[in-house]
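Student: Here is what each chain is made of, one letter per residue.
2 protein chains.
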Amino acid sequence: MNNSQQYAIGVDIGGTNTKYGIVNHRGDITHNGRMSTSQYLTAESFVEALFTALRPAIEEVGVEHIKGIGIGAPNANYFTGSIEHAPNLNWKGIVPFAGLISEKFGLPCTITNDANAAALGEMMYGAAKGMKDFIVMTLGTGVGSGIVTGGQLIYGHDGFAGELGHTIIRPGGRQHWSTGLYGSLEAYASATGIVLTAKEMLAETDQDSLLRRYPAEALDSKAIYECAMEGDEIAKEVYRFTGQILGESLANFVMFSSPEAIVLFGGVTKAGDLIMNPVREHMEKNLLAVFRNKVTLTFSELKEADAAILGASALVWSIRKQGNL
Amino acid sequence: MNNSQQYAIGVDIGGTNTKYGIVNHRGDITHNGRMSTSQYLTAESFVEALFTALRPAIEEVGVEHIKGIGIGAPNANYFTGSIEHAPNLNWKGIVPFAGLISEKFGLPCTITNDANAAALGEMMYGAAKGMKDFIVMTLGTGVGSGIVTGGQLIYGHDGFAGELGHTIIRPGGRQHWSTGLYGSLEAYASATGIVLTAKEMLAETDQDSLLRRYPAEALDSKAIYECAMEGDEIAKEVYRFTGQILGESLANFVMFSSPEAIVLFGGVTKAGDLIMNPVREHMEKNLLAVFRNKVTLTFSELKEADAAILGASALVWSIRKQGNL
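Those protein sequences? They're chains A and B, same order as listed. Per our numbering, residue 1 is the first one in the first sequence, and the count goes up by one each step. Per our numbering, residue 1001 is the first one in the second sequence, and the count goes up by one each step.
Honestly, the hints are just simulated from the structure, not real lab data. A portion of the hints provided could be inaccurate.
Claimed, not checked - If we take Cβ atoms under 8 angstroms as the criterion, some of the chain A residues that face chain B in the derived model are:
1. G130
2. D133
3. Q152
4. I154
5. H157
6. D158
7. H166
8. I168
9. I169
10. W177
11. L181
12. A251
13. S258
14. E260
Bear in mind the structure is a predicted one, so any value in this text is a computation, not a measurement. Positions of the beta carbon are idealized from the N, C-alpha and C atoms, including for glycine.
Taking the hints into account, I'd like the entire structure generated from these sequences.
Tutor: Pasting the structure below:
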């Protein structure tokens, strides 16, 4: 059987919804769909429902043409196949998720966290195609990362490597609402962090701002973005400050693994030059000379709706390679 | 020919002196020696002198039993085989060093920077034996690092990965005397940084201190260590502060590559618990819960005189493995 007849199932499990699809080697997605995650109170009932949803598609393609199932999920451990203490999922503790899927579907299953899946997707189909050394940063509600060096994802000794959103960039700085850490990147460069920055800046000055039209509870990252696009000085300063902190962090990551490119992905990147100009400036300024003007800063080329499914399916094609670790 | 009859030449090139030896698979060093680096104004004349120094030993062992030559040198690039713009060496610009050695000796030659060589040495013969994910930090005049993930050294896309001494841990903080960067780890946790910290602390207070017995130009890291061991409060505070900054940095490195252990090496570690207690405290405090109490902080088990030669020779045994990258 040649590659063109082989398929992989890609599944992206989020706290609220799960997306899935069947993917060929070229990255074409067929039979894609979506189901609830949060309505299933046990992993077993979720797996059952996923099987029911995917069965017609699997029968149409032919199970003998499907190489395996790749899953991106929060707190998923590549080494153990378990989802471990995921705060945003109903199933608690350590769940042997890959085993459950594999048993139900009769197919090999590999899991990893969502940011690692995104990195694999970018390497196979996206902005990092052909690259062996790059970092993907997902900038959304949280800040996630997937790191590839020498063509391999970094998993670390326990499968949890690549938590760059939790690295400290302002020691003793803003306390993170969930981890309790002080001054971590995510506390500033996530959508939640950007809103906190805006509120702090508004509180520190009497300067007029479009942002003051919003009641505190309605001030979200979308509102800040819109005000910045209308030229509001405080909103623009929020992005400048966020970009500075992100740029300083990226400089540190570059001096760790010397990537060819850093691929940015997620809602926060929609602010475009407003945030990217300070990111670039402060990354370059904090780099050792040998790294300056060598790292490509780029946006993901994958459609946001497809990226997660493609990334998860990429796990299937890379199983043999990763198994060499 | 079995392994017990195979040897590697290990060469450690420093700015002032070069050390070399012939090493077997078990890490026994024979025929070790030392020569000047700085008296040779060209790489060619240095290679000639190294060949003259090593020739009797090579003839004794039998060139057919020698698998290759491994070299640790400042600014040495594993990918290109060149020493590039090394500030502490006489030979300037980009020197195709591995090629010069290989041609002169008639043996394959691999080079890398000194901290990477140290990491390979720890993996083959030292504290990281059997580990696949660890970081070696060399804390001396400067702060160097070698990072191993999945059993492979991280080189990055250009061969320059692993410059952890230059990561920023106090944004906008102390300016580095040579790189010009603000707030980098090396500006605080190197021997030079420790002396600067002591001078700053002495200037900020009138408190009595044994450190005040030294004229400014005589106050070195050895003096600070001795005063701290005698119980001097300011000297102890210098180590506490240095340990805090190092611990915060190590937390960031753990969240990047999730190593099983961090191996510390070099003069600064001689202060023992004085520095290690705050390092441990501030590393753990700044880690995401999933990483806490999992990372072994340990000292190198290699004799300092041998470590550099062993590390360089380890390059020879790992050539095939690294070639897979």
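Student: Restraint: D158 of chain A near chain B, CB-CB cut 8 angstroms. Satisfied or not?
Tutor: 6 angstroms, holds
Student: Quick check on the hint: S258 of chain A CB to chain B CB, less than 8 angstroms?
Tutor: 2 angstroms, holds
Student: Does Q152 of chain A pass the interface check with chain B, least Cβ-Cβ distance below 8 angstroms?
Tutor: 6 angstroms, holds
Student: Minimum Cβ distance from I168 of chain A to chain B below 8 angstroms?
Tutor: This hint holds: I168 of chain A lies near chain B, its Cβ roughly 5 angstroms from the closest one there, short of 8 angstroms.
Student: At a threshold of 8 angstroms, is the proposed contact between I169 of chain A and chain B supported by beta-carbon distances?
Tutor: 7 angstroms, holds
Student: Given D133 of chain A was flagged as interface, is its beta-carbon under 8 angstroms from a beta-carbon of chain B?
Tutor: 4 angstroms, holds
Student: Quick check on the hint: H157 of chain A CB to chain B CB, less than 8 angstroms?
Tutor: 4 angstroms, holds
Student: May I ask you to test the interface hint for I154 of chain A with respect to chain B, counting a Cβ-Cβ separation under 8 angstroms as satisfied?
Tutor: 5 angstroms, holds
Student: Would you settle whether the hint for G130 of chain A is holds or violated, based on the nearest Cβ-Cβ distance to chain B being less than 8 angstroms?
Tutor: Interface hint status for G130 of chain A: violated (12 angstroms vs cutoff 8 angstroms).
Student: Next item in the hint list is A251 of chain A. Is there a CB on chain B closer than 8 angstroms to its CB?
Tutor: 6 angstroms, holds
Student: Taking the least C-beta to C-beta distance, is H166 of chain A closer than 8 angstroms to chain B?
Tutor: Holds - the Cβ of H166 of chain A comes within 8 angstroms of chain B, reaching about 5 angstroms at its closest.
Student: Does the CB of L181 of chain A sit less than 8 angstroms away from some CB of chain B?
Tutor: The hint holds - L181 of chain A has a Cβ within 8 angstroms of chain B, the shortest such distance being about 6 angstroms.
Violated hints, in rising order: 1, 10; the structure is consistent with all others.
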